[in-house]
Each structure stands twice: as C-alpha cells, then as structure tokens.
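So the protein sequences, as listed, match chains V and D.
If you count by my numbering, then the first sequence holds residues 1 to 591, one letter each, in order.
If you count by my numbering, then the second sequence holds residues 1 to 382, one letter each, in order.
Any given hint might turn out to be false.
One-sided excerpt, in silico: chain V residues whose CB lies under 7 angstroms from chain D [said to hold, decoys possible]:
#, residue
1, Asp25
2, Leu28
3, Arg249
These are computed hints drawn from the structure, not numbers from a lab.
Everything numeric in this text was worked out from a predicted model, so none of it was measured.
We treat Cβ as the ideally placed atom computed from N, Cα and C, and that holds for glycine.
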Amino acid sequence: MNDLTISLNHGERLSRVPLVVDVLDDDLNTVWSGPIQLGDSRAVVLPRPGKYAVQVKLPSGQTMTRLCDVQEGAPASVELAPAAGSPHESLEWATLSKPEALRGGDEDQLQSVWLRLWSRSSTADWSVVPWTPISVDRDPGVAQYTFGFRSMQQFGQYFLQVGGPSMAWKLVALPADDIHVLITGVAEGDGKRDPVDMTVTSVEHRGEALLGYMAQGEMEEARSVAKALLHDKVENPTAAAAAAYFLLRTGDFEEFRRWMANLANLMQWLPDGSVIDAWAILRSARPDPVRARDRLVEAADRGLPVYTAGLRLLIDGLSLFAADKMLKTPEIIAALEDVRRYGAAAEWRARTTTFVGSDPESPGEDIRGHPEDRKHVEFLGGPPATSASAASASMESREARPQRRARDRAGEAAEASREVTREDARQRRHAILQNPSVFQFSDFAPAAGADTPITIEPSSELAAMVGAGVRSAEAVTRRLLGYAYRQGGASAERSSRIPPALGKLLGGIDLRGTTYDALKQRVLTSLAQGGSGEAAMESATGGGTTEARAGGARATRSGTSGSSRPVARRRPSRSTGREARGASAEGASQD
Amino acid sequence: MTLIVGQERHEGPPKTHAFIVGVGRYPHLSGGGRETPGLPPLAQLTSPPISARALANWLIGTPLKHDAAPLGSVEMLLSDAGGQNYDVPGGTRIAVEDATSERIEAAFGRWYDRCDAHRDNVALFYFCGHGVQKDVLMLLPENVGASSLTPWAKAIDFDASYRGMARCAAETQYYFIDACRQLTTSMLKKDFKGWTLIEGDVWQQNPRIAPKLYATTIGHPAFGDANEPSRYTRALLQALGGGGADKQNGRWVIDTSHLGSAVQKIIDRGNLDLPHGEQQKVVTGGDSIGIKTLHVLDQPPDVLTTISCEPPAATDVAELYLKGRNRQYERVPATAGAWLRKVEAGIYEVAAKFSRAEYPNRSRPDELVRPPECEIRIEVAP
C-alpha cells in the first residue's frame, strides 16, 4: 500500500470549505482528484511508490502545489494551508477567492462613497433600513462590513446601495445570509472605473467557493464541490441556491428535484428558488412547460433573484415563453418587460444581482452625489458637511475635491443654523415614510406660495384613482413618496407644480405645468364620468402610467420609466493601431 | 462559397462541424464609405478576418484530432477589406462569401443541419467582429446599418440564438465570441432588437454541453492589433495547441472543462504587461454537462514558463537551469530580465547559479510545469 494523507489546514474562521485537490504522478497523469474541506484530511491510495504533486486549485483560479516522495510501505503526508496569509481573520476568505483584495486599496477613493441598506417588506415595499452591520474591519483602502441576516433570522430581500460623486448609484443584492461585504478603493489609474470594487460573500464561504470555480470555468472541479456541499446537507438557503445553479448548468440534478422544489416552495423570500425550479422542470427528463412558466411568473412576482445567474435564467426563460405562441400569456409579457428593465441596467459580471438605479424599483436611473436624507447612510469618509452635492450633484473632479472640502468647512457654521430647520423637515418626512397610510403633499411643500395642498390616502382614494387594486395604488404612492423623499428640499418643497421628473417616474407621462391638485381633479373627474380607474389615470395624465399585471398581482411601471436608460459606462481609449471590436471605437472618439 | 472543408450534408459517424465568421469591413459604419447617419462611430477593423482565418488554419492544418468526432466541415464567412480569398492549408484558394446577415443566415442553416444530424456531433461556433451589449449581446454582420430606418435590424441576437441552439441534437457545442460587449451612448435610450439565427423552442430543450467563451466581460472591449489575430484568438489558439491541455488516461487532451479557464489564464497573464484600459477579462458561461474532448495532442504540450529570481536584480546575473526527466533547458550565460520560454510539461529541478559571490547558488528539486502557463521564482537572497 502506498498511502498519501493530504491535509488542508482550516483557518481561524474558515472551515469546511471544499477545495479541489489533484494528485499527479511524475508523468503528470492525474491519479486522484476530488474535494477536501478545509480542516479535513484525506487518505489517497497511490498506484505505486514515486514522486507525486499535490495541487490545490483555489476558487480564485490560483493554485498551490506541494511535491512529495512516497516510499513503498511508508505512509506519506502533505499538509497545506490555503487560508493562511490574511491580515485579518475575517479576510481569510479573500486568500481563497480574492487575493488581490489583500493588497489593500485606495483610501481616498474609498472615502468618496456612501452606503445604505434597502429592505423589502412583506407588502413588497422597499425602504431604507438602519445600517447595522455586526462588525466592521477597516484597513487603508479596504472596508469590510459583516451582516448577520441569517443568524438573526432576518430572512428577506436586501439591496446594498453604494454611490458617490464620481459613481452612479448602484444596488447590489445581498443574500439573507451571514455575509461579508468587502469594499476596496480602486486606484484611479485611467480614471474610468468606479472608485470602489465590491464583493459580497457568505461568511461560511462554501457556496462562494463553488461560484468561484464556476466563474473560472472549472466545471469539473465545481461539480465535485457542489456534490460535497449537497451531501453535507445545506442548511443555508443561499448556499443551496448557488449549488442548485451549478447543478442546473450541469444537468446533473434529477436526484435533487424535490429539494429544488422545496427551495421554491419554502423560501418565498428567495426568488432564486422559483427560477431554479422552473428550469429544472423545463430540463428534466419529463418537462412540464406550463408548470415551468408558472414558476417563472412566480419568480418575477417575488422579486429579483439574488444571484446574477438567476437574473439571466429568469430573462432567458421569460423570453423563451414570450416567443411561444401557445404558452405566451399576459403575465409572461408583463414579467419580461419588468425584468428586462433590470437586465438593461444590470452589471452582468457581478456575482449577485447588481444594477445602476436610484432605488430598487428604479433601474437605470443614473444619479450621482449623495442622498439628501442622510438617515441610515454610512459615509465612508464621514458625512459631508453640506447638502450641496446631494442627489442631483454632478460629477466632481478629483482635483476639485480638496477645494470643496475647504469650502465645506467654511460653510459649516452657516449651515448649522439651517440644519435645524432642515432636520425638522427631515423628521417629518421620515415620520410619514414610517406610516404612509395617509400623507399630504403639503408635508413636503410647507413653503409660502404653494397651491392648495392635497391629501392622498393610498388605501382608498388613490386605489380608486388607479383602479388596479391596492397593490398598484401602493406602487404609485411609493413612487410619489419616493420622489418627494428624494427631492427633499428641492422642487417639491418650493412648488406644488409637479416636476417633469415625476412624470418620468410615473411612466414617461408629460406633467409639465400640472399641479398635484390638478392631477387629482382630472383623475376624479374622469372617474365620475364612469371611466375605469386605470383609464382614468391614463386620461388624466395623457398616457400610460402604470399597468396592472393580469390578475392584479402587482403593478409594473411602463417601459419608458427609467427602463430605457441602462448603465452608462465610459469607455477606455485605445492606443494607436489597437482595435476594439465594439463600442470602444466610440469611446475612443469621445475620450 | 462558405463551405471551405467538408460535404454539404452530414453523413456517417459523428464529426466536428465549425462555423466561423470574421467581420472587419462594415460599409455602413465609420470609414465604410456608405455610413448610415445616427449610428455609433464603430470603426473598420482588420483583425477579425485574420483571426477567423487563423482559427480555420488551425482546425484544418493541425489538424483537429478527435477520435470520436474528427473534423467534418468548416463553414466560413469573411468581410475583409483586403480581399475575400482564403488559402485552404494544403489545398486551393477559395473566394469566401461576405459575412452579410443574409449569407450568415443561409450558412448557419446549413451548418445547423449538419450539426443536428447526429447527437454525438460537435458544433463549434466562432464570431469575431463588432459586438454591442445591452440586455442581450448583439453580433454585428457586415451590413448592419444598411437601413437608416431600422439600423439594428441586421444585428444578430446572440443570446436568443444560443437559447435556440438547445433545439440542436449535437450534444457538444462550443461558442467562441470574440467581440466587444459595450454599449454606445447613442444606444442607451433605444430599445433595440436584432434577429436570431434560430428561434428557441420551449418543447425542445435538448441536454447539451455548450460552454460559451467570451473575449471580454460585459461593458468592456475586446482588443486586437491591426493586421494581426486578436488577443483572444491568439490565446484560444495557444490553448488549443496545448495551453488548455490536461493529461487524462495517459493522453494530453483539450476538453470542454479546461479550455475556457486556460484561455482566461493566458489572457490574464498578458494583462500584466498592459495598462488598465487595455486589459481584457475573458469570461465563461453557458450550459455544460460534464467533460467532452475537443482535441487530442500528439505529444506533451509546451508550457510558456517564466523563471526569475527573488530579489529581481539577481535574475539579470543568474545562469538558469531546468532539468527534467526527458528535457533540459538552460539560460547560459546570464541575460538581463526574466527567462521566458516554452518548456515541455513535466516535473523539473530548477537551479540558479551565480559566477559572483553576490548571491548564493540555489536549486529546487521539484517544480511542476503544467499548462496553461507556469511561473517559477527562485529565492536567492543571501
């Protein structure tokens, strides 16, 4: 017997993460290959004595190799420590999956951004919630926040929003797991990238290791890791979803069919489960397209998949059914239209669903600066002294930043007195947002000169106005509220005329010169004349505002609202004689 | 003519059928002579037809070695301002048809029929040219923009086409997409749709191993030097030539599992020498069910290997040696800079020797040199 024992040392915090290990003979034949978990040992029986190489493949694509001589009858052992070398215990995962993060980052860039957390309520409303990471690790140019959604049983849908003066506000889906969010300042270089790089990973890191292998295209390695995960009883739904996505890609999922269905049935807060089950139904030995279609609609109703792979599968699946004359339904068309808005604004290379947007319901809206309301906002460089660069602020050059900071300091004293008034208004806005059953636009427009304030009660009057069910009314209300909320001290407070931007929010309608009051009156008049609520809204506004999905499941914004403005990227320039096949040609001329 | 090798119809045992498109000439884009107003300023290209020919040369000239599915056909379309001719390795000169949407559609149909004729066929799809990405990837044929009223009507919706290929019986499909995946400013506000090479069918979702290998990630360009094969295609050819090889059952093979990661690593290595704006990130995707062999090497692969010393200054004055069971290499006398050379895959003893006493001689007995590339650093600090 020629035994070789391979041990992978666990880290201070990381253990049970399965890594792929190859054992090669001196002719580079693979004599054994399989997963070994951090903290475990594995005895491998070798065909003969001799020289062998033990190679650990990391999810980052890097490898770690040890060679050993195995003597006849003498057990040999090799010990490797793939998780060693991290400056912090909590960054151990980066040694496996993102080693470049261990080199630190650009502190100035990091300090230019802010963060906040969005959560989806049981009524499908999104709101900003308190910023409550359970720990923060900070190094120059690197910040890592740890959240404990799973350990605190806070299952649900979350988006992390990040923004700054030189980056469009971006939303990153956070799994309802115990997770690290690593934010690294990106050296300016050619100045054409976002100032920060973001990575979301589970604290236990098992599912992420699998996704890392998949991203590397190491499908065979990923297969063995996925099976190791699944046979170890995945208690973590988001890790289970990661494994399920892999199984879908491999087609090797028949034995896990019931488990996939349970993921969809039991984890309703995780839209990924429905997407996974839909495709499993479609790709199974006995496909049931009708059930698959219903699952896809269900997924779209539940929200956005946490993983980008799920968003891709959702769009692909809906597209497939939308093109089928027999199976196409209004729900499919509506869902596809809605999800495509996110697809157009999505960052497809991100591991979790990521898109540019002002809030989780407004993909594609390119806003820079910081939010007017700073409640629950985490500024990595400390809160800005003035609101001058809020929301609508344009991009600020790096050169101008020191001067701005100096101006900010000079203006702090004057600002302090204004702050009292502003804080008062902010508190009132916040109170309304906490209890939006009844609100008045006058709350947002207390200034002199406002027209007669109107009152909108979402649960009754607005529902009648829209006529598509309470959910639709809520959606409209949310947009009205959201708009007023974002505008804060700007136009909504100074005038009761509805700014054109609100028209855009409501679906691309033209509201120029219309007051809130006039809008309400036109809607009520139309209703009194016997029109349907939805038609009344259209009549009152001169165009489509919201469209209700058949069955009244939920309202979707019409395609013109934000959906036609996907991520605007600046393109790198090209050197002389170098060709870029695509839009970079335009970038060259623009740059 | 678009069929440069093989028969019009598939007959007999399984074969590998390749579909290759290289578009450099775009008459309706910038510099094309018949520019359509309102289109983004996408330039004329020289690299795509050269890249397409390079891949065809490799498939035909190497030739592709696949025991279960040898090369059956190569269907190629080119749009080359320098001429449409293609010299078939060991054969004749062929005038290849233009890569217009109509001709691509017709050639694709013929290629599809051949692939669909046997479940063990291997379908290879390669496109090199302009690409734009919004929620889907659009591949641009020569005549994109032919109509100013519907400028994007000729663009090929690759994502929909990929979905449609689930109808094809060929269980092994490989898609190589060498195109940018950016969005132009002028397209941000437009909802544009192209056409699909093959429509999807909910009822026909055949199991398939169908990896996609994109030259670049979404939102980024893919690069090629003028009048040279593109960076991605060079890396692909390097990987097919051995950089993507894995030894299985005593044979060095290129398979669907290792090819993509090898191309990624080769491009990543090249990125180290490039400014950020010109770096490229190859990404994989698609359905994949297990491993399928694409090519078998006749001999062990050569691995591009970099040998240097730590501290780096020692590299310039070091004589470097690699001694393996079958092969030996040396860099004598010492030369400035790291030693970059192709080394046959294997286990080597590596040594650095110094004629002056500034650094101690060092050797390591066991260094694994394995595809796709290898970097060896010898610590010689005194």
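Hints, one by one, checked against the model:
| no. | hint | verdict |
| --- | --- | --- |
| 1 | Asp25 | violated (9 angstroms) |
| 2 | Leu28 | holds (5 angstroms) |
| 3 | Arg249 | holds (5 angstroms) |
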